[in-house]
Every structure is written in structure tokens, then in C-alpha cells.
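Could you build all of it, start to finish, from the sequences and the hints given here?
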Amino acid sequence: MLRSHLYAPGTSERMLTRVFEAGADAVILDLEDAVPPEQKDRARALVAETLAGHSAWVRVNAVGTVACARDLEVVGGLAAGLRVPKVETPAQVAWVAERAPGIPIVCIIESARGLAAVEGIATAPQVCGLALGATDLAVDLGADDGQLPLLHARSRLVMAARLAGIDPPIDSVHRGLDDTAGLRDAAEHARGLGFFGKSAVHPRQVAVINAVFTPRPDDVERARALLAAFAAGGGAALRLPEGEFVDVAVAERARRLVALAERVA
Numbered sequence: 010m011l012r013s014h015l016y017a018p019g020t021s022e023r024m025l026t027r028v029f030e031a032g033a034d035a036v037i038l039d040l041e042d043a044v045p046p047e048q049k050d051r052a053r054a055l056v057a058e059t060l061a062g063h064s065a066w067v068r069v070n071a072v073g074t075v076a077c078a079r080d081l082e083v084v085g086g087l088a089a090g091l092r093v094p095k096v097e098t099p100a101q102v103a104w105v106a107e108r109a110p111g112i113p114i115v116c117i118i119e120s121a122r123g124l125a126a127v128e129g130i131a132t133a134p135q136v137c138g139l140a141l142g143a144t145d146l147a148v149d150l151g152a153d154d155g156q157l158p159l160l161h162a163r164s165r166l167v168m169a170a171r172l173a174g175i176d177p178p179i180d181s182v183h184r185g186l187d188d189t190a191g192l193r194d195a196a197e198h199a200r201g202l203g204f205f206g207k208s209a210v211h212p213r214q215v216a217v218i219n220a221v222f223t224p225r226p227d228d229v230e231r232a233r234a235l236l237a238a239f240a241a242g243g244g245a246a247l248r249l250p251e252g253e254f255v256d257v258a259v260a261e262r263a264r265r266l267v268a269l270a271e272r273v274a
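With our numbering as the guide, the letters of the sequence shown map in order to residues 10 to 274.
Honestly, the hints are just simulated from the structure, not real lab data. A portion of the hints provided could be inaccurate.
Now the in silico label distances, taken between C-beta atoms and shown as ranges [to be verified]:
| id | residue 1 | residue 2 | range |
| --- | --- | --- | --- |
| 1 | 98 | 174 | 36 to 42 Å |
| 2 | 54 | 152 | 37 to 43 Å |
| 3 | 243 | 74 | 40 to 46 Å |
| 4 | 71 | 256 | 43 to 49 Å |
| 5 | 74 | 161 | 14 to 20 Å |
| 6 | 27 | 74 | 25 to 31 Å |
| 7 | 149 | 46 | 33 to 39 Å |
| 8 | 27 | 194 | 41 to 47 Å |
| 9 | 191 | 42 | 19 to 25 Å |
| 10 | 148 | 174 | 26 to 32 Å |
| 11 | 243 | 186 | 38 to 44 Å |
Calculated pairs, EDC-like style, for lysine to aspartate or glutamate (alpha carbon to alpha carbon, straight line, at most 20 Å) [claimed, not checked]:
| id | residue 1 | residue 2 |
| --- | --- | --- |
| 12 | 95 | 107 |
| 13 | 95 | 153 |
| 14 | 49 | 22 |
| 15 | 95 | 128 |
| 16 | 95 | 22 |
| 17 | 95 | 58 |
| 18 | 49 | 82 |
| 19 | 95 | 145 |
| 20 | 95 | 149 |
Even glycine gets a Cβ: it sits at the ideal position worked out from N, Cα and C.
Next up, the structure:
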């Protein structure tokens with residue numbers, strides 16, 4: 010399970026080196042928004058050189074464009090996985106999969122059309138996850154990109170991922186680079202809705218994201234004790250000494266927390 014996903018622009022030789030030192034669970038080398046059109050070829054060359062010595066994901070350009078086809082030709086087979094922006098149909102995913110066979114794909118949902126088709130996108134070939142592009146989606150909807158306006162969108166991504174049997178979706182970036190409290194609040198909100206992991210645009214955001222998506226040791230210990238008590242009772246509903254009622258659903262939640270802690274570790 011990957012908690013933090015840190016972007017680095019494909020044009021910056023300095024960032025392409027330092028991004029691997031930030032402690033992020035995943036690094037995403039960006040060929041899309043962070044790269045001006047006239048620098049795309051240079052960025053592809055730098056990213057390909059970086060991937061020769063490091064494992065990283067790559068965010069390619071928009072599906073179906075000449076730029077995306079060239080991205081996949083140059084770095085598609087080198088990347089640990091692909092972040093595909095502005096996905097709106099399963100056919101677009103198939104277009105990418107055909108040009109990068111066997112490479113895991115995370116689809117970024119950034120438009121009303123993408124949100125409307127998200128259930129089909131989540132089950133498309135090679136898709137291992139979904140990610141929210143909150144700012145672009147909000148612009149498309151004519152909405153703010155805060156927690157309440159995009160509540161439905163986030164919940165729908167969670168549902169789509171669950172139905173498809175893939176990992177929980179990844180939350181969008183937090184644009185306030187110095188807003189640690191806001192970052193933590195946004196990450197906790199996403200986690201509470203069923204997301205796991207959050208994208209980042211600066212190394213200083215990584216530690217907060219990792220902390221939010223790491224199960225707390227005391228919570229894990231309590232979950233283990235709850236499971237032990239439930240097993241000792243033969244799987245029957247019971248009341249713990251501190252007063253909590255435990256049934257099958259509560260035990261399953263504790264079991265998932267323990268499993269998550271083990272995956273993160």
C-alpha cells in the first residue's frame with residue numbers, strides 16, 4: 010500500500026535526483042502539466058535516463074495525443090506504472106494498455122465525463138487504481154475544489170474501486186505548500202471516506218501524508234485485542250470491558266486495520 014505519491018517535473022535534473030530522497034512511497038515523474046510543449050522531448054530523455062537507475066511511475070500526456078504516444082514509446086516499458094490523466098472512457102485505457110502492455114495503470118479522474126464512466130474505467134485492462142484530479146474536476150463542474158463540493162466525486166471513486174476489486178483511490182494534491190494543517194485535514198478527510206494515499210507536489214508534504222495513512226500503533230494493538238476477544242468468544246457478539254459492542258462487522262473492521270498495518274509495514 011502506497012501512502013505518498015510525490016511528483017517531480019521531467020525537465021528538472023535536480024528534482025529528478027532529489028525526489029528519491031524525500032521518503033515518498035512512490036515517485037511520479039511528470040511529462041504532462043509540469044512540462045512545456047517545447048520541452049517534451051528533453052523531458053522524455055531525462056525521465057528515461059532516470060528510470061534506468063530508479064523505480065518510478067510516470068504521468069504521461071493526455072490519451073490519444075501524439076505526445077502521449079511518444080511518451081509510451083520512449084518510457085512506457087521502463088516505468089513501474091503509468092499515471093494517465095483526464096481519462097474519460099475505458100477505450101482510452103485500452104489505447105494506453107495496447108502501447109504499454111503489462112504496465113500497471115492508475116487513471117486520473119478529472120472531468121464530469123470521467124466521473125460518469127468511472128465504474129467502467131476501474132475495470133479496464135491493467136488498471137490497478139484510480140486517482141482524483143480535484144482542481145481540474147472542480148473547474149469542469151464549475152465548483153470549488155474543497156471537501157464538500159467534491160464529496161460525491163470522492164465517494165464515487167471509492168465505490169468504483171471497491172466494486173472493481175482494486176486498491177482504494179488516491180487523493181489529489183494539496184496546493185498549499187506551507188499549509189501543513191490544511192494538508193493534514195485534507196488527508197484525514199480522504200482517508201475517512203475510504204481513500205488510501207495522497208499525491209504531493211513538494212517533498213515537505215510527504216511526512217504528513219505518510220503519518221496520516223499509517224495506522225497508529227495503539228489502534229492496531231487495540232484491534233488485535235478486539236480480534237482475540239472475539240475469537241475467544243467463538244465469534245459471537247460480545248461486550249468488551251470498556252463497553253464497546255463487538256459483532257462480525259466490527260471484527261471485520263479490526264481485521265482490515267491489522268491487515269492494512271501489515272501491508273504498510
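These are the hints, each one checked on the structure:
Between residue 98 and residue 174 the beta carbon distance is about 20 Å. The supplied range of 36 to 42 Å is therefore violated. Remark: the range hint 37 to 43 Å for residue 54 to residue 152 is upheld by a beta-carbon distance near 39 Å. Checked against the hint of 40 to 46 Å, the C-beta distance between residue 243 and residue 74 comes to roughly 60 Å, which is inconsistent with it. Checking the proposed 43 to 49 Å range against residue 71 and residue 256 shows it holds: the Cβ atoms sit about 48 Å from each other.
Taken as a hint, the range 14 to 20 Å is violated for the pair residue 74 and residue 161, whose Cβ atoms sit roughly 29 Å apart. A C-beta distance of roughly 29 Å is found between residue 27 and residue 74, which places it inside the suggested range of 25 to 31 Å. Taken as a hint, the range 33 to 39 Å is violated for the pair residue 149 and residue 46, whose Cβ atoms sit roughly 22 Å apart. Checking the proposed 41 to 47 Å range against residue 27 and residue 194 shows it is violated: the Cβ atoms sit about 27 Å from each other.
At about 21 Å, the beta-carbon gap between residue 191 and residue 42 stays in the expected band of 19 to 25 Å. Checked against the hint of 26 to 32 Å, the pair residue 148 and residue 174 passes, with Cβ atoms roughly 31 Å apart. A beta carbon spacing of about 53 Å between residue 243 and residue 186 contradicts the range 38 to 44 Å that was offered as a hint. Straight-line distance between C-alpha atoms of residue 95 and residue 107 comes to about 18 Å, which keeps the hinted pair within the 20 Å bound.
Proposed proximity of residue 95 and residue 153 is supported: the alpha carbons are some 18 Å apart, at most 20 Å. Taking the CA atoms of residue 49 and residue 22, the gap is about 14 Å. The hint holds against a cut of 20 Å. At roughly 15 Å between alpha-carbon atoms, residue 95 and residue 128 fall within 20 Å of each other, so this suggested pair holds. Restraint check for residue 95 and residue 22: not satisfied, since their Cα atoms lie roughly 26 Å apart, outside the 20 Å limit.
For the proposed pair residue 95 and residue 58, the alpha carbon gap of about 26 Å is over 20 Å, so the pair is violated. Proposed proximity of residue 49 and residue 82 is supported: the alpha carbons are some 13 Å apart, at most 20 Å. For the hint linking residue 95 to residue 145, the alpha-carbon distance of about 9 Å falls within 20 Å, and the restraint holds. The hinted pair formed by residue 95 and residue 149 meets the criterion: a straight-line CA distance of about 11 Å does not exceed 20 Å.
Going down the numbered hints, you'll see the structure goes against 1, 3, 5, 7, 8, 11, 16 and 17, while the others check out.
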